[in-house]
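The chain contents come next:
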Amino acid sequence: MGVEICVEGLTKSFGHQVIWQDVSLTLPAGEVSVLLGPSGTGKSVFLKTLVGLLKPERGSITIQGRDLTGLREHELYEVRKLFGVLFQDGALFGSMNLYDNIAFPLREHTRKPESEIRRIVLEKMDMVGLIGAEEKLPGEISGGMRKRAGLARALVLDPEIILFDEPDSGLDPVRVAYLNQLIVDLNAQIDATFLIVTHDIASARQVPDNIGLLFRRELVMFGPRERLLASDEPVVRQFLNGRMQGPIGMAEEKDAAQVEQELAQLTEAPVVREPTPRLLPGPGITRPPRWEAIARREAELRRREAADA
Amino acid sequence: MSLSPTGALRQSGNLFAMALDVVRTMPRRPFQVREFIQQAWFIASVTILPTALVSIPFGAVIALQIGSLTRQLGAQSFAGAASVLAVLREASPIVTALLIAGAGGTAICADLGARKIRDEIDAMQVLGIDPIHRLVVPRVLASMLVAVLLNGLVSVVGVAGGYFFNVVLQNGTPGAYLASFTTLAQLSDLWAAEIKALVFGAIAAIVASYKGLTAKGGPKGVGDAVNQSVVITFMLLFVTNFVMTAVYFQVVPQRG
Chain U
1 MGVEICVEGL
11 TKSFGHQVIW
21 QDVSLTLPAG
31 EVSVLLGPSG
41 TGKSVFLKTL
51 VGLLKPERGS
61 ITIQGRDLTG
71 LREHELYEVR
81 KLFGVLFQDG
91 ALFGSMNLYD
101 NIAFPLREHT
111 RKPESEIRRI
121 VLEKMDMVGL
131 IGAEEKLPGE
141 ISGGMRKRAG
151 LARALVLDPE
161 IILFDEPDSG
171 LDPVRVAYLN
181 QLIVDLNAQI
191 DATFLIVTHD
201 IASARQVPDN
211 IGLLFRRELV
221 MFGPRERLLA
231 SDEPVVRQFL
241 NGRMQGPIGM
251 AEEKDAAQVE
261 QELAQLTEAP
271 VVREPTPRLL
281 PGPGITRPPR
291 WEAIARREAE
301 LRRREAADA
Chain Z
1 MSLSPTGALR
11 QSGNLFAMAL
21 DVVRTMPRRP
31 FQVREFIQQA
41 WFIASVTILP
51 TALVSIPFGA
61 VIALQIGSLT
71 RQLGAQSFAG
81 AASVLAVLRE
91 ASPIVTALLI
101 AGAGGTAICA
111 DLGARKIRDE
121 IDAMQVLGID
131 PIHRLVVPRV
141 LASMLVAVLL
151 NGLVSVVGVA
161 GGYFFNVVLQ
171 NGTPGAYLAS
181 FTTLAQLSDL
191 WAAEIKALVF
201 GAIAAIVASY
211 KGLTAKGGPK
221 GVGDAVNQSV
231 VITFMLLFVT
241 NFVMTAVYFQ
251 VVPQRG
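Order-wise, the sequence lines are chains U and Z. First residue of the first sequence? That's 1 in full-length UniProt numbering, and the numbers climb one at a time after it. First residue of the second sequence? That's 1 in full-length UniProt numbering, and the numbers climb one at a time after it.
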């Protein structure tokens, strides 16, 4: 079972530049959450702060009753064993082949015999569909494979929390769809708490239980997927619809008058408000009770839609 | 890198903090034997040949200078003694310092810097592995070991080069050259030089690792880090060399 992460009043700045301030949210145990935001709003910084790679100026991050921001270095290394992190480019060790990369955490942290390590590594490589690429070096494979290998390495210590830093950046739509399916399948299989940082709206609509939106140095909104998808908040609507009219500008934010003018001119096309169908674990994956309930709710929704039409 | 005085202080503070971390982490088990051997082999392979090639002309220059000087003074019998003294005491630690910083340090800094900007170091920390323990400590120890061995190599090659130039090219007497070997130099000179080399190796590796692990801003950042690491190491090594030499003369009684 995953663990809950409770973030309260978190503020991070580099020098005088505030990245975001007063961010409070709770990532519920075992659920999938997505953190959205325009480029350059410090989403990756948020991930790095969550694992203690960066120290926030204020606020707390509570995991299993411990505040991460106040821990000493060696305690932090202990807590980090709860985490698996998928970095943007996989962050594989360039000098090792995929097999050694994925076996690395096991060899460092456990005294398992090599046969046991081999079994675990091959199991995880099978999960992410990389069987047969054990001997490849990270430089010889595509970006999508590097991400999947990075994911396999993050999974190898059976983490309670998995953080994804833009799993869909630099991938084609088909691979993104496969990766999203993989994320949902994984959540059903290992029951960990997931946080995905992205700006891909399609993934955000299909995958998570909860969505948050970072904009203008703060967390605009964080809540269940349905609530955010149906929200009337201008920033949320602009972002989810990927349009130019709204508070988000090319470089930074726009001034209020311009935003109002743009929004007034916007001939509101009939907005599709019913939530996109949710991605469910694939066939052959045993669904835990939580996913059973989600599947039932989805089926109910589809039935009602069909009745309305 | 900012030019403000606080910026410079912070940099040196961080460097010392990391040096302390390295010392504190050194006894932690399990010791990374594989990494240590690989690094020692690697540093040795990039430094041995240039070191040998640099120390031959270095020994030759000293021999030429001393050869003509001793002839003018009519003290040819001291040519061997003086050139051994110069090679052993000063030339070999300096050549070792230049090569360890220039060839070994840059390689360490570039390697760690490239890993840093590819997020590999962050990934390692997230996997619960301390990069100081896993990467820096083996490199520092390897660099120290190789520096000590290089110092021995420089001494031998330098003295041999001096002999060749003095005896063969300047028509010195082999017997006089060899017989005067120990009139000025003593065994403690060799020990002092080896201790210097040990310290130089540690400084070069710590500065290189620090600069590598704090590289940022893409490939250009790694280039800048390597550049700064060489400059900082050279400055530190020459100051350290001066201080250690001064202390040595105070502590060890001299001959002659």
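Just to be clear, a hint being listed does not mean it is correct.
Covered, in the sense of this in silico footprint (three residues per stretch, anywhere, with C-beta under 8 Å from a C-beta of chain Z), are these stretches of chain U [as the list claims (entries may be wrong)]:
(1) 75–81
(2) 87–96
(3) 100–110
(4) 114–128
Every beta carbon over 12 Å from chain U, so not counted as near; a handful from chain Z, in silico [claimed, not checked]:
(5) Glu90
(6) Gln125
(7) Gly128
(8) Ile132
(9) Leu184
(10) Gly221
(11) Phe249
Keep in mind that the hints were calculated from the coordinates and are not lab data. Positions of the beta carbon are idealized from the N, C-alpha and C atoms, including for glycine.
Would you assess whether Gly221 of chain Z, listed as outside the interface, keeps its beta-carbon beyond 12 Å of every beta-carbon in chain U?
Given that every Cβ of chain U is farther than 12 Å from that of Gly221 of chain Z, nearest at about 16 Å, it holds.
Coverage claim, chain Z over the stretch 75–81 of chain U, checked by counting residues with Cβ within 8 Å (three needed):
holds (count 4)
Reported absence of Gln125 of chain Z from the contact zone with chain U (all CB gaps over 12 Å):
Violated, because the least Cβ-Cβ distance between Gln125 of chain Z and chain U comes to about 6 Å, which does not exceed 12 Å.
Could you check that no beta carbon of chain U comes within 12 Å of the beta carbon of Gly128 of chain Z?
5 Å, violated
Does Ile132 of chain Z clear chain U by more than 12 Å, comparing its Cβ with all Cβ atoms of that chain?
Non-interface label fails for Ile132 of chain Z: nearest chain U Cβ at 10 Å, not farther than 12 Å.
Please verify the coverage claim for the stretch 114–128 of chain U: does it have three or more residues whose C-beta sits within 8 Å of some C-beta in chain Z?
With 0 residues close enough to chain Z, the hint is violated.
Grab the minimum beta-carbon distance between Glu90 of chain Z and chain U and tell me whether it stays above 12 Å.
38 Å, holds
Verify that the Cβ of Phe249 of chain Z lies farther than 12 Å from every Cβ atom of chain U, and report whether the claim holds or is violated.
42 Å, holds
Verify the coverage statement for the stretch 87–96 of chain U against chain Z, using a C-beta to C-beta distance below 8 Å and requiring 3 or more qualifying residues.
holds (count 7)
If we take the beta carbon of Leu184 of chain Z, is the closest beta carbon in chain U still more than 12 Å away?
Leu184 of chain Z clear of chain U: closest Cβ-Cβ about 48 Å, beyond 12 Å.
Are there three or more residues in the stretch 100–110 of chain U whose C-beta lies closer than 8 Å to some C-beta of chain Z?
It holds, with 4 qualifying residues against the three required.
In terms of the numbered hints stated before, the structure departs from hints 4, 6, 7 and 8, listed from lowest to highest.
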